[in-house]
Amino acid sequence: MSRLRLYQIMVIAGFILLLEVLCFTGVIDKVTMPPPHIIVRDFISMLLAGRYFGEIGKSLANVLAAFASAYVVGVVVGTVLHSYRTARDILDPLFATYYAIPVFAFYPLFIVMFGLGDGPQVLIGFLLAVVAVIVTMLNGLDRVPLVLKKTAQVSGLNALQTAVRVTLPFCAPYLLTAAKLALAYAFIGVIGSEFIMARSGMGYEISYAYTNFDNATMYPLILLILLLSIAANSLLSHWERVLLARRGQM
Amino acid sequence: MTATEVTLRGVTKVFPANADGRVVHALGPIDAEIKKGEFFAVVGPSGCGKSTLLELIAGLTAPTEGAVEFEGRVIEKNVPEGVGVVFQEDACFPWLNVRENVEFGLRRQNIRAEEKARRAAAVIDMMGLHDFARSYPAQLSGGMRQRVCIARTIVAEPRLILLDEPFGALDQQTRLLMGDEMLRVWRETGATVFLITHALDEAAMLADRIAVMSARPGKVIDLVQTGWPRERDSRIVERENFGAMTSRLWKTLREESLKTMGRAGSGA
Numbered sequence: 051m052s053r054l055r056l057y058q059i060m061v062i063a064g065f066i067l068l069l070e071v072l073c074f075t076g077v078i079d080k081v082t083m084p085p086p087h088i089i090v091r092d093f094i095s096m097l098l099a100g101r102y103f104g105e106i107g108k109s110l111a112n113v114l115a116a117f118a119s120a121y122v123v124g125v126v127v128g129t130v131l132h133s134y135r136t137a138r139d140i141l142d143p144l145f146a147t148y149y150a151i152p153v154f155a156f157y158p159l160f161i162v163m164f165g166l167g168d169g170p171q172v173l174i175g176f177l178l179a180v181v182a183v184i185v186t187m188l189n190g191l192d193r194v195p196l197v198l199k200k201t202a203q204v205s206g207l208n209a210l211q212t213a214v215r216v217t218l219p220f221c222a223p224y225l226l227t228a229a230k231l232a233l234a235y236a237f238i239g240v241i242g243s244e245f246i247m248a249r250s251g252m253g254y255e256i257s258y259a260y261t262n263f264d265n266a267t268m269y270p271l272i273l274l275i276l277l278l279s280i281a282a283n284s285l286l287s288h289w290e291r292v293l294l295a296r297r298g299q300m
Numbered sequence: 003m004t005a006t007e008v009t010l011r012g013v014t015k016v017f018p019a020n021a022d023g024r025v026v027h028a029l030g031p032i033d034a035e036i037k038k039g040e041f042f043a044v045v046g047p048s049g050c051g052k053s054t055l056l057e058l059i060a061g062l063t064a065p066t067e068g069a070v071e072f073e074g075r076v077i078e079k080n081v082p083e084g085v086g087v088v089f090q091e092d093a094c095f096p097w098l099n100v101r102e103n104v105e106f107g108l109r110r111q112n113i114r115a116e117e118k119a120r121r122a123a124a125v126i127d128m129m130g131l132h133d134f135a136r137s138y139p140a141q142l143s144g145g146m147r148q149r150v151c152i153a154r155t156i157v158a159e160p161r162l163i164l165l166d167e168p169f170g171a172l173d174q175q176t177r178l179l180m181g182d183e184m185l186r187v188w189r190e191t192g193a194t195v196f197l198i199t200h201a202l203d204e205a206a207m208l209a210d211r212i213a214v215m216s217a218r219p220g221k222v223i224d225l226v227q228t229g230w231p232r233e234r235d236s237r238i239v240e241r242e243n244f245g246a247m248t249s250r251l252w253k254t255l256r257e258e259s260l261k262t263m264g265r266a267g268s269g270a
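Which chain is which? The protein sequence lines are A and B, in order. Quick note on numbering: the first sequence equals residues 51 to 300 in this note's numbering. Quick note on numbering: the second sequence equals residues 3 to 270 in this note's numbering.
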């Protein structure tokens with residue numbers, strides 16, 4: 051284990067220990083937050099009992115749908131847009147200011163348009179994620195060296211083959227960065243939407259538990275979301291590190 | 003060595019108005035013939051259109067006027083089959099290892115995977131990269147990466163190899179050794195080689211004929227026959243008349259280089 055990793059573990063362990071001490075000494079009262087070891091105990095018993103599996107599965111399915119659709123659309127739109135300078139120049143200001151738009155404010159409108167099902171939640175996750183993918187994709191494509199495109203041309207590759215064989219593989223680290231961003235935004239979009247108006251899903255259950263002072267449900271669900279997003283992000287980061295190391299960029 | 007491989011007839015390249023609104027007359031008109039199996043070099047001052055000339059012959063860009071022919075056929079918009087290019091910049095694909103990079107050169111050829119592997123292995127051996135076949139470009143030196151690019155080009159057995167200052171980014175010793183490699187490849191493959199370089203000694207060492215280009219718009223202002231034997235290597239620089247050769251090139255080129263710097267006619 052590297053020294054850096056050891057320090058990282060020590061920081062996390064130190065933070066958990068601090069929370070334990072604060073809870074134990076009463077600085078944080080039990081109504082606000084139980085000690086971390088109680089949260090872990092409740093988390094394990096929740097999983098062993100199979101409680102909320104339906105809610106968890108529904109939220110994760112919506113996150114996956116938002117992530118996958120945003121990723122595919124973002125990669126395709128980014129690739130196409132990169133070929134059309136004028137269209138890109140027109141859209142660049144929108145991309146630059148996009149995250150200043152409060153997408154959640156449109157949630158009631160989406161419910162009117164798509165009903166009370168999962169559609170509005172997936173749409174918000176999609177809308178939050180897709181522009182991050184497009185911008186990252188454009189950023190990656192801007193960095194493809196001209197000499198590699200010329201090499202593709204000399205090798206007789208057409209535009210589609212050049213995209214598949216040269217430009218997209220070159221952009222692989224950017225594609226992974228885009229995936230990390232898209233996943234994070236999809237989580238935020240879907241779980242956040244469930245908080246507001248949904249009648250099911252992890253976000254709704256957390257919100258419901260919060261209003262009923264049910265810490266034994268709320269904190270284990272928060273912990274689960276944390277663990278899932280960290281696990282997915284770590285997996286993509288590991289893959290990104292392998293790619294970058296192979297290219298001598300780490 | 004009599005048949006003509008490449009013919010340039012009144013080739014001119016004018017780039018349309020850029021952001022400054024200036025039209026750039028980069029090249030020409032140029033008339034030239036490169037013979038089959040010849041090692042032909044082009045030297046010229048910076049910005050005289052050497053690389054543009056190579057891109058015209060490669061089919062990477064089209065002439066504004068005139069025509070470029072390869073083996074008697076006019077080069078249209080595409081890179082003709084049988085032409086390979088080695089660029090100055092590092093053109094290795096960083097996500098592919100050495101073997102995969104070399105096999106990429108065979109994409110145009112409809113051959114079986116085993117045959118691809120066999121040919122790639124042979125060229126990797128030829129370029130002295132056997133121990134690095136599974137290495138990624140990031141694990142190689144600049145000279146080795148350039149050898150991978152040369153291997154990727156020659157594995158396709160091109161009849162015309164275009165070299166765009168391929169050793170420009172390398173140190174002097176590596177350049178001399180790479181020059182030896184290139185001469186060996188030229189002899190063993192029997193290909194015609196067209197070399198763009200800014201290094202007069204490199205052109206004098208490698209080429210059978212050297213075209214000297216003027217300042218922009220680039221035109222051929224001198225054509226020098228080196229008269230070296232086909233069996234040669236970098237030790238040719240030790241010959242008495244090697245210095246005279248580079249002196250002649252420099253004498254022609256000096257005035258053109260001064261023009262590029264805006265100081266034409268100065269000095270002794």
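Derived by calculation from the structure, the hints in this document are not laboratory data. It is possible that part of the hints are untrue.
To be verified - If you want a taste of the chain A side facing chain B, the calculated C-beta under 7 Å gives, among others: (1) R193; (2) V197; (3) K199; (4) T201; (5) V204; (6) N208; (7) A209; (8) T212; (9) P219; (10) G298.
Note that the coordinates shown come from a computational prediction; the quantities given were computed from them, not determined experimentally. Ideal Cβ placement from N, Cα and C applies to all residues, glycine included.
Hint check:
1. R193: violated, 12 Å
2. V197: holds, 4 Å
3. K199: K199 (chain A) check fails; min Cβ-Cβ to chain B is 10 Å, beyond 7 Å.
4. T201: Given a least distance of 5 Å, the restraint on T201 (chain A) holds.
5. V204: holds, 5 Å
6. N208: This interface hint is violated because 10 Å lies over the 7 Å limit.
7. A209: This interface hint is violated because 12 Å lies over the 7 Å limit.
8. T212: violated, 11 Å
9. P219: holds, 5 Å
10. G298: Holds. Min distance 3 Å.
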